[in-house]
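Engineer: Taken in sequence, the protein lines are chains A and B. Under UniProt numbering, think of the first position of the first sequence as 1, with each following residue one higher. Under UniProt numbering, think of the first position of the second sequence as 1, with each following residue one higher.
In short, the hints are calculated from the structure, not lab data. Heads up, the beta-carbon is just placed ideally off N, CA and C, and yes, glycines get one too. Check before you lean on any hint, since a few could be wrong.
Output of the computed footprint for chain B on chain A, the stretches with three or more beta carbons under 8 Å from beta carbons of chain B [stated by the list, open to error]:
hint : region
1    : 83-91
2    : 111-119
3    : 166-173
Residues of chain A placed beyond 12 Å of chain B at every Cβ, according to the derived structure [what the hints assert, rightly or not]:
hint : residue
4    : Gly15
5    : Leu213
6    : Val322
2 protein chains.
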Amino acid sequence: MRRPARIQDVAAAAGVSVTTVSNVLNRPERVNARTVERVRSVIADLDYVPHPGAVGLRAVHARSIGLVLPDIANSFYARIAKGAADAAYRQGYALSLCHSDDDPAREQEYLSMLVEQRASGAVVVPLSADPGRLERLRRRGVPLVLADRTRATEEGCSVSVDDVAGGTLAVRHLLEGGARSVLVVNGTRGIRQCADRYQGARQAARRLRGVTLEQIVAERMTVECGTEAVRRLETLPDAVFCTNDFLAVGVCRGLAERGADVPGDVRVVGYGDLDVAGLAALTTIRQPVEELGSAAIELLLDEVEAGADHAHEARVFAPSLVVRETA
Amino acid sequence: MRRPARIQDVAAAAGVSVTTVSNVLNRPERVNARTVERVRSVIADLDYVPHPGAVGLRAVHARSIGLVLPDIANSFYARIAKGAADAAYRQGYALSLCHSDDDPAREQEYLSMLVEQRASGAVVVPLSADPGRLERLRRRGVPLVLADRTRATEEGCSVSVDDVAGGTLAVRHLLEGGARSVLVVNGTRGIRQCADRYQGARQAARRLRGVTLEQIVAERMTVECGTEAVRRLETLPDAVFCTNDFLAVGVCRGLAERGADVPGDVRVVGYGDLDVAGLAALTTIRQPVEELGSAAIELLLDEVEAGADHAHEARVFAPSLVVRETA
């Protein structure tokens with residue numbers, strides 16, 4: 001078996017000093033990019049593993065970011081994680097997955113863990129809107145970016161999708177197609193995204209005379225509740241805007257039960273562009289979810305690395321309309 | 001502003017010694033569970049953050065596990081991640097998300113990073129079957145559990161689902177329903193899971209006289225390719241077994257195009273029990289995916305913590321049949 005490579009071997013093979021190799025390992029920002037690349041390539045070729053002493057505590061810790069999410073099995077959050085993982089990888093940071101499982105106590109434990117482990121920072125999709133808890137993290141020196149939420153830029157960075165604009169896009173498309181009575185099948189008022197999407201729908205409806213906009217609040221945002229909403233209607237509207245794709249699939253089923261053709265008799269738009277939207281040929285609103293994750297990491301690392309030069313930013317992404325067959 | 005709490009304050013408030021608090025932070029397995037709980041609760045109440053020196057390098061590092069996956073936005077892997085995150089949380093370990101994005105070079109960089117950072121161990125859903133690379137990790141002292149793969153127990157632990165049994169379950173159900181000609185719509189041979197599911201299908205078919213089993217290999221495992229497979233059939237079989245749910249949704253569409261009733265004329269079974277299976281009312285095979293993730297972490301931590309007492313294990317999970325409307 002070959003003798004394990006030492007730092008001197010790496011330096012010799014890369015044609016640099018031992019100090020430069022050490023800097024590549026610990027403070028790559030001080031070394032020019034080409035040299036970093038060459039040294040890393042030699043490290044890979046020689047299968048060199050630094051001695052624990054060679055990579056200092058600071059260096060290892062400084063290169064880890066926490067990603068705190070309510071549910072990694074939910075495709076919306078999984079896509080945020082993908083965007084975040086890609087961006088963290090590109091910048092040479094490890095990403096610690098903190099899956100709070102919709103449990104505020106667990107979320108809090110993860111936040112404490114990130115402080116204890118001196119993480120470089122955290123991207124958080126918060127469960128509760130308790131700003132005090134998150135502030136505490138920032139006071140402890142762990143910079144924090146909120147994802148899928150907006151916040152005042154005095155408090156820090158955030159990334160979100162403009163759901164008001166999404167609601168407007170959806171209903172404007174229905175009105176341009178000739179609809180004059182529009183039903184919104186929505187989730188409960190407590191969900192900020194639902195309230196925003198409905199507000200956007202109202203803004204679009206107000207711009208045109210003679211348009212009626214009604215709302216039904218579904219108990220849950222599922223296929224079954226969408227179908228149930230249609231069963232309870234006395235008269236059918238010209239068009240339905242559902243604030244997620246599952247509701248929209250259910251609404252299409254309910255309309256089929258009542259013998260109504262989609263889009264001939266009733267036009268339907270969903271929200272989210274989930275897998276099911278493609279399968280059901282739904283016209284829907286797409287959110288740039290992976291971009292949300294990668295932008296969160298970029299803003300965070302700007303705060304971590306630029307220090308005093310960093311300016312907080314509330315980055316808001318625009319959704320887009322995806323036209324398929326239902327409207 | 002209140003003076004930050006010190007370890008002495010925690011000890012006093014919890015009624016234990018400073019050593020016990022330190023043990024709770026670094027070696028909680030040596031402290032009884034009630035005391036751990038009480039001390040942690042005081043730590044939370046006092047908002048105590050240990051000094052970096054109080055949590056040793058070993059302790060911080062020893063409590064991190066790498067999770068290496070091809071694609072976190074794929075719901076199968078996202079559910080593995082959920083199971084793994086839950087198990088790591090229960091045992092007090094951080095989980096480092098290593099999303100290789102289907103790129104072998106990136107997977108390799110992540111593996112090197114885990115070695116450099118002295119991770120406690122890693123759970124890997126490997127992209128390639130290059131055992132040398134993974135072996136190297138293990139030789140470097142990073143224990144490794146393979147997920148969604150089997151391996152000889154001399155080499156280490158693995159967790160997987162018995163896909164041969166899954167194929168048998170699917171086709172046995174079709175035969176019990178009276179089918180005598182069964183078509184398998186499969187992915188390419190190179191995919192181990194596809195080969196296993198087909199092998200299981202053949203085993204079920206061989207047990208009954210007069211059964212014909214044919215196979216079509218779809219270019220990709222998508223809805224479109226499933227529909228296309230049906231379009232090219234000269235005669236329709238009694239039943240179709242698709243080795244994933246997207247193919248099965250496509251096959252149902254193709255059958256509808258040809259005026260065949262499902263399940264009246266042709267019975268269809270899918271595989272995976274993805275979201276789309278519920279929406280399309282597919283009869284399908286369910287895999288215990290989250291259990292795969294949590295079992296991988298448990299086996300890994302047994303190896304990390306039990307040391308010489310650990311025995312490698314190839315844990316194989318049984319899939320189950322979910323009967324809905326298509327068969």
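Engineer: Per the stated criterion, does the least C-beta distance between A:Gly15 and chain B lie above 12 Å, as a non-interface residue requires?
Structural biologist: holds (21 Å)
Engineer: Is it the case that A:Val322 keeps its Cβ farther than 12 Å from each residue Cβ in chain B?
Structural biologist: holds (17 Å)
Engineer: Tell me if chain B covers the region 166-173 of chain A under the three-residue, 8 Å CB rule, please?
Structural biologist: violated (count 0)
Engineer: Does A:Leu213 clear chain B by more than 12 Å, comparing its Cβ with all Cβ atoms of that chain?
Structural biologist: holds (28 Å)
Engineer: Quick one: see if chain B covers the region 83-91 of chain A, three-plus residues with Cβ-Cβ under 8 Å.
Structural biologist: Contact hint for the region 83-91 of chain A vs chain B: holds, 3 residues under 8 Å.
Engineer: According to a criterion of three or more residues whose C-beta lies within less than 8 Å of a C-beta of chain B, is the region 111-119 of chain A covered?
Structural biologist: holds (count 6)
Hint compliance for this structure: hint 3 is the single one not met.
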